Amino acid sequence: MNKIYIKIALTLLCVAGYMQNIAFASERAPKTKSSNEDTKYESYFYPEEAKQAGAVMDDAFAIAQKYAKSTKGYKLHYKNDGATLHLKRDKGAYIGKVEFKIKNPDSFDGIINMIMDSNGPKNLYDLFIGGHVSRMYDDSLVIIQQNYRSRVPCWQRHFQIIANIVESSENEVAILFVSPNTNGYNSRTHKKHVNPIVESANSFTPDVRFQTDFMNPRVSEIYVNLAAFFIKRKPKYVKVTFIGSVDLNFPRCVSDKSIEKMTAGIFSAIFKLKHIFKKE
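Taken in order, the sequence shown gives residues -25 to -1, 1 to 255; the numbers are from mature numbering (1 follows the signal peptide of the UniProt record, and there is no 0).
Don't read these hints as lab results, they were simulated from the structure. The structure presented is a predicted model; accordingly, all values stated were derived computationally and were not measured. Wrong hints could be hidden among the right ones.
Calculated pairs, DSSO-like style, for lysine-lysine (alpha carbon to alpha carbon, straight line, at most 30 Å) [said to hold, decoys possible]:
hint	residue 1	residue 2
1	Lys249	Lys41
2	Lys247	Lys26
3	Lys236	Lys167
4	Lys47	Lys254
5	Lys47	Lys66
6	Lys232	Lys44
7	Lys236	Lys97
8	Lys253	Lys232
9	Lys207	Lys50
10	Lys209	Lys66
11	Lys254	Lys76
12	Lys232	Lys26
13	Lys97	Lys54
14	Lys214	Lys47
15	Lys63	Lys209
16	Lys54	Lys66
17	Lys209	Lys54
18	Lys249	Lys167
19	Lys253	Lys209
20	Lys97	Lys232
21	Lys78	Lys232
22	Lys236	Lys76
23	Lys66	Lys44
24	Lys254	Lys66
25	Lys97	Lys50
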């Protein structure tokens, strides 16, 4: 597999599932040296922050593996042509598990690149506006920001997220996303967010500000409790499994049923990868 450099993006929230009979490495991928002098200069001033971010993502990786391997509590929400979406409630949050195969083993690198590309979500979400890297600790650990239009006219949704890639082998990669604690600044919120899934993220508070054009009364923040893609290349196909939990930061008057439906819609968009990369 070609060496992967984080241009980054978050293929919004979307996430992996059901990784039976797979053992991933327990450590994050070795860091590669950046060729960008400005990036190296910037990263030099955040060694302690980088260490904290790495610890959060270590936790996220271990937690994602457990959700991926487990079958307990999940209910089938969608099944078609070998692709499945399961949902369950855990610790007060919805957990989604998506699983499917792409019958094109040559698509392995392309899938990874699309997930990591800052404009990759435009292939999956028609509401995507744009994203950028706001802090780079090294080539496999960064913070990114992304912005989406809301279906409510004139409103927008945005988020910050730590992104990390774990390369277990030439044919096996995990890509992880978790929102840091941004309760103290940056956006309008309906309630204080506490991550119930990756609890160590609650104490990680990097001072990374949203872009000026994000700072207006019609922008609200969403939070990724956990998003994890597990991508494995086999001789005849690529297996994509995807675990996710997101806090959509809706007012308390919005029903759980509505939140479940919208969460399922977000996770279902990941199925588009199957059609984008199918073998012609």
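Here is how each hint holds up against the structure:
| no. | hint | in the structure |
| --- | --- | --- |
| 1 | Lys249 <-> Lys41 | holds (24 Å) |
| 2 | Lys247 <-> Lys26 | violated (35 Å) |
| 3 | Lys236 <-> Lys167 | holds (23 Å) |
| 4 | Lys47 <-> Lys254 | violated (34 Å) |
| 5 | Lys47 <-> Lys66 | holds (14 Å) |
| 6 | Lys232 <-> Lys44 | holds (26 Å) |
| 7 | Lys236 <-> Lys97 | holds (21 Å) |
| 8 | Lys253 <-> Lys232 | violated (33 Å) |
| 9 | Lys207 <-> Lys50 | holds (24 Å) |
| 10 | Lys209 <-> Lys66 | violated (34 Å) |
| 11 | Lys254 <-> Lys76 | holds (12 Å) |
| 12 | Lys232 <-> Lys26 | violated (39 Å) |
| 13 | Lys97 <-> Lys54 | holds (24 Å) |
| 14 | Lys214 <-> Lys47 | holds (21 Å) |
| 15 | Lys63 <-> Lys209 | holds (29 Å) |
| 16 | Lys54 <-> Lys66 | holds (25 Å) |
| 17 | Lys209 <-> Lys54 | holds (22 Å) |
| 18 | Lys249 <-> Lys167 | violated (36 Å) |
| 19 | Lys253 <-> Lys209 | holds (15 Å) |
| 20 | Lys97 <-> Lys232 | holds (27 Å) |
| 21 | Lys78 <-> Lys232 | violated (34 Å) |
| 22 | Lys236 <-> Lys76 | holds (24 Å) |
| 23 | Lys66 <-> Lys44 | holds (18 Å) |
| 24 | Lys254 <-> Lys66 | violated (40 Å) |
| 25 | Lys97 <-> Lys50 | holds (29 Å) |
Of the numbered hints listed earlier, those contradicted by the structure are 2, 4, 8, 10, 12, 18, 21, 24.
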